[in-house]
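Engineer: So the chains spell out like this:
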Amino acid sequence: MTDFQNVVFTLNRFWTAEGCLWLPPLDLPMGAATFHPATFLRALDSRPWAAAFLQPCRRPQDGRYGENPNRGQHYFQYQVVQKPVPDHFQDQFLASLEAIGINRRVDEIRFVEDNWESPTLGAWGLGWEVWLNGMEVAQFTYFQQMGGFSCEPVMGEITYGLERLLMSLSQTDEMYGLPWGAGTEGRIFRYGDLFRDNEIEMSHYNFEQADPSELAHRFQKIEGEVQELLSTGLPRPAYERVIEASHLFNLLDARRAISVGERQRYVLRIRKLAQAVAQDYRTRSE
Amino acid sequence: MSGHSSPPQDLLIEIGTLELPARLAAPLSREFASRLFSALGECDWIEPDACLESWHTPRRLAVRISRVRGISPGQTVVHRGPSLERAFDIKGQPTAAALGFARKQGVGWEELGREEGYVVFRKKRPDTHLEEVLAPLVEKVLTDLPRDREMRWHSRVPPFVRPIQSILFLHGNFPVPGRVYGLDATPLTRGHPVHHPDPLPVMSSNDYEAVLASGCVLLQGSDDPGLRERIWALIETAAHAWHPDWQPVRNEATLTEVANMVEWPSALTGSFPERFLALPEAVLAEVLLGQQRVFPLSDAAGHWKPGFVAVVNLESIDPQRVGRGEERVVSPRLADAHFFYQEDLKQAPAERLPDLDEIIFAKKLGHLGQRRKRIMKWLSRWAGDFGIDTELAQEAGSLVLADLTSRLVGEFPRLAGIAGAVYASAHGSPPALCEALAEAYLPETANSKLPQTAFGRLLSMALRIDLLAGYFLIGEKPTGQRDPYALRRAALGLVRLMDPAEDWAGCTPGTCRFLLDTALTSLFRSALETYPEGLGNPEIQAGELYSFLMERFRGLYLDGGGRADHYEAVLAAQPTTIGSTRLRLDALNRLKDQPDLTTLIQIAKRVTHLLRHREETDTAVVGRAPTVSGERTEAYLINQICDLEPIVAEAASTHRYHEILIHLCTLQNPLARFFDEVLVLSPDPKLKEKRLDLLKRANRLLSTVADFSRLQPPHAP
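Those protein sequence lines, which keep their order, are chains A and B.
Going from the first sequence to my numbering is simple: count from 1 and add 3.
Going from the second sequence to my numbering is simple: count from 1 and add 4.
Warning: the hint list may mix true and false statements.
Stated by the list, open to error - Stretch-level coverage of chain B by chain A, calculated; a stretch enters the list once three of its residues show a Cβ under 8 angstroms from a Cβ in chain A:
1) 207-221
2) 316-323
3) 332-346
4) 357-365
Claimed, not checked - Facing chain B, from chain A, some residues (calculated, C-beta under 7 angstroms):
5) GLN93
6) GLU111
7) ASN136
8) MET138
9) TYR145
10) PRO156
11) VAL157
12) SER262
Honestly, the hints are just simulated from the structure, not real lab data.
C-beta atoms are modelled at their ideal positions from N, C-alpha and C, and glycine is treated no differently.
Could you put together the complete structure from these sequences and hints?
Structural biologist: Take a look at the structure:
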């Protein structure tokens, strides 16, 4: 039975068998699993690293009050990172898709050029978006730069977009109809049973209730805190503040509280913080 | 070992990669092949009559060169020893000197030869085998291939476009050992990842295509549209099988991209809700062709239908399931576009204008609001002359950037212009203005469609001229490979907008005259002057921009098979516009093989030569006594020139250069006779000045179309 929780279990088993460490998600709101320290910070040093984890993500701007069949402000990414990148990384990935029930004689998998860039993290990479019957279900990236620093050795990243992957796998046209798993007395819970109310309420909060002046104030305060923490020799707490700043920016954006021009300045401010953290972390990890 | 003493053989090289970017596969393959061919050629590995083939698929670059040597014979070096007299005594026995020399060469004295009075040793350097040079040479060619961004994936190998996974070397029937990018060369290739996952042995370099076909991989020749047409046929078949009356909408860019994404193509159909057909066709096209790379369908009357054809890299055992997958992407994307479109429509384009002040146009060049004002100012200067109502042009300039803040353009940047046109139309702007807005960014690429209206052409010129002027003022000219703001592309587009060899659709005679007559430097100066003072010198930059545009035109002209010497000759005549440059070149080209013109060119060269180097050259006629016939000849030439000057000037004012050349041909006789019978560098200084002035006048006249002295003789290429 293809349901959400089983896919996660299978991926956990698959990637730990491939030598990845299983990790818990980070308990902070973030826009993508790339923000997880197991990705961002670990990409900055030269030590080998391989990890796999589920990470809930939030992108307030993508909220649709639970009405869009495949777009929401909250979703799940399954993240795999490996450094150095194994030569058979793509084969591993294809095998993981087979493990969750994709038959490649039936479904078309295609690697389409996608040059990933995160202006807020001062990061970019080269790779592909992975299409499953025309739907982008994953991103496959070789990080070239992170926090303004060249990645050496290069870290490879696979980010599965679980909702889309599951929609394609289970032939479901709507995200909220996805089977999540069996609960008490074998009752099948759907994705919507668990998250639709949350999606509606959070859309109201993100678009209408969040207090822009409070958010902007907090953002500004963080800039000082990051410098303070770095000078005290605490790059990890400083990095958590950067993740927080990024989410505040996304909320301000969703509230339409920043103009187009200001938007660019906010991005640069976050990047400056991320680069300062990256620099400090690298110096300490050498 | 490869047959060292055997005749030259075909050399097959395949670089297996992870999926290459579709837009890069063809140029990479061409460049790889031609560089490899010349690198091998330079080291003398290729027979003179060798030919080159190259292919690519998403996962490989392949090259086959015929008649490649397996061995390069080592050269013989001659070492000279002592003279024969010193080397041998009278009995013919070797002396200590000869024995010493032989010892130094590591041979017995019997092996020494005798040449030109000396003992010599001919030492043959060892032969070089292909396997010793091939791998390093291939690796160097790969590392040096030009690319916009390179990927690092492994610390121990150089970067490339995407990770390299396998190397195949085959010389005739023999594998060539070697290591490239840390990988051992093998005689194995890779088939389709699903239909033939196991490695495929290639027994002979000539079997390559057949072996890959057996592994479900169709090769695409670098310059061969075969695969594209094959895919198009699949698309048509799929469409007709679904709805006999529906026809797929062909789009070359998407078809090319799709062909570069598949190794074993098949086509299948899908549908979307009919209500999305209410979207403007350009929006549908952007979602279907641009984003999803599927082909829309239309009925016989050209109305689009709620369906599409997708091309996939698989012969699926359940194509319907794949089609449903495609539908699951297309419909939400159209729903999103529809949502953005409806949201955008709520706001009148003019209401967006304040937002432009918030968007940076470029560092040091202010925001888009300022760009808008500059464009309006430039348009108000030129619209009337161009034949467009000034007020309407101002309105277009005001609105042309407004859609950059719309949600639709935010999601689909390529809809800039088109979205603006749709929104302006929905809010009651006149059709002429909307058509112009829709064409403001044309042409998008070097070969793509130009505006079909004069108004659109003017607007596109305005955007490009403002852009180029700004970046030149702040010193951001492209250098070498670096052109981060794509100024060359913008300039090439501008050249095409003003080139009479292109289709000047929708242009009145007045507009055509404007394009032919208005000096490039004036068009640029008026844009440069709309920028704040102190950025840079408008006068100097107008000149720089003129040269920059002419350089783009030169590339265009040479790519079209034009002759470089023609271009240089016309440029030396200092044409002020792209149009007059093109028309001069056309006139030259039309007459290039006419004997009359050839003679004229020779005479004209003599004139220039004499004016340039008068001291040395005129000796031939120095000392010739003035004659009566000489004076008559001189008078005849004067008359001819006086007659021609107004005629030529009048023809030049309307760019009738062919006519001018015909007229100028009538000067060849008077000039030839003048040279034969008149002493130009007369001992009488007054006469000398007079005659030189006459020749200068003749020269000015002769240079109306081109500076003939820069033309190659007609037999040269």
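Engineer: Does each hint hold? Answer for all of them.
Structural biologist: Going down the list of hints, with the structure as the test:
1. Residues of the region 207-221 of chain B lying with their CB closer than 8 angstroms to a CB of chain A number 0, which falls below the three-residue condition for coverage.
2. Given a C-beta distance limit of less than 8 angstroms, the hint that chain A covers the region 316-323 of chain B holds, as 6 residues qualify and 3 suffice.
3. Counting residues of the region 332-346 of chain B whose C-beta lies closer than 8 angstroms to any C-beta of chain A gives 6; at least three are required, and the coverage claim holds.
4. With a cut-off of 8 angstroms between beta carbons, the region 357-365 of chain B has 5 residues touching chain A; three or more are needed, and the interface restraint holds.
5. The beta carbon of GLN93/A is positioned within 7 angstroms of a beta carbon in chain B (closest approach about 6 angstroms), and the interface hint is therefore held.
6. Evaluation of the GLU111/A hint against chain B yields a held restraint, the C-beta minimum of about 4 angstroms falling below 7 angstroms.
7. Because the beta carbon of ASN136/A sits about 2 angstroms from the nearest beta carbon in chain B, less than 7 angstroms, this interface hint is met.
8. Using the Cβ-Cβ criterion of 7 angstroms, the hint placing MET138/A at the interface with chain B is satisfied: the shortest such distance is roughly 5 angstroms.
9. With a least beta-carbon distance of about 5 angstroms to chain B, the hint placing TYR145/A at the interface is held under the 7 angstroms criterion.
10. The closest approach between the C-beta of PRO156/A and any C-beta of chain B is roughly 5 angstroms, which is under the 7 angstroms cut-off, so the hint is satisfied.
11. With 7 angstroms as the threshold, the beta carbon of VAL157/A comes within range of chain B, its nearest partner Cβ sitting at about 5 angstroms, so the hint holds.
12. Here the hint on SER262/A is kept, as its CB sits about 4 angstroms from the closest CB of chain B, short of 7 angstroms.
Checked against the numbered hints above, the structure violates only hint 1.
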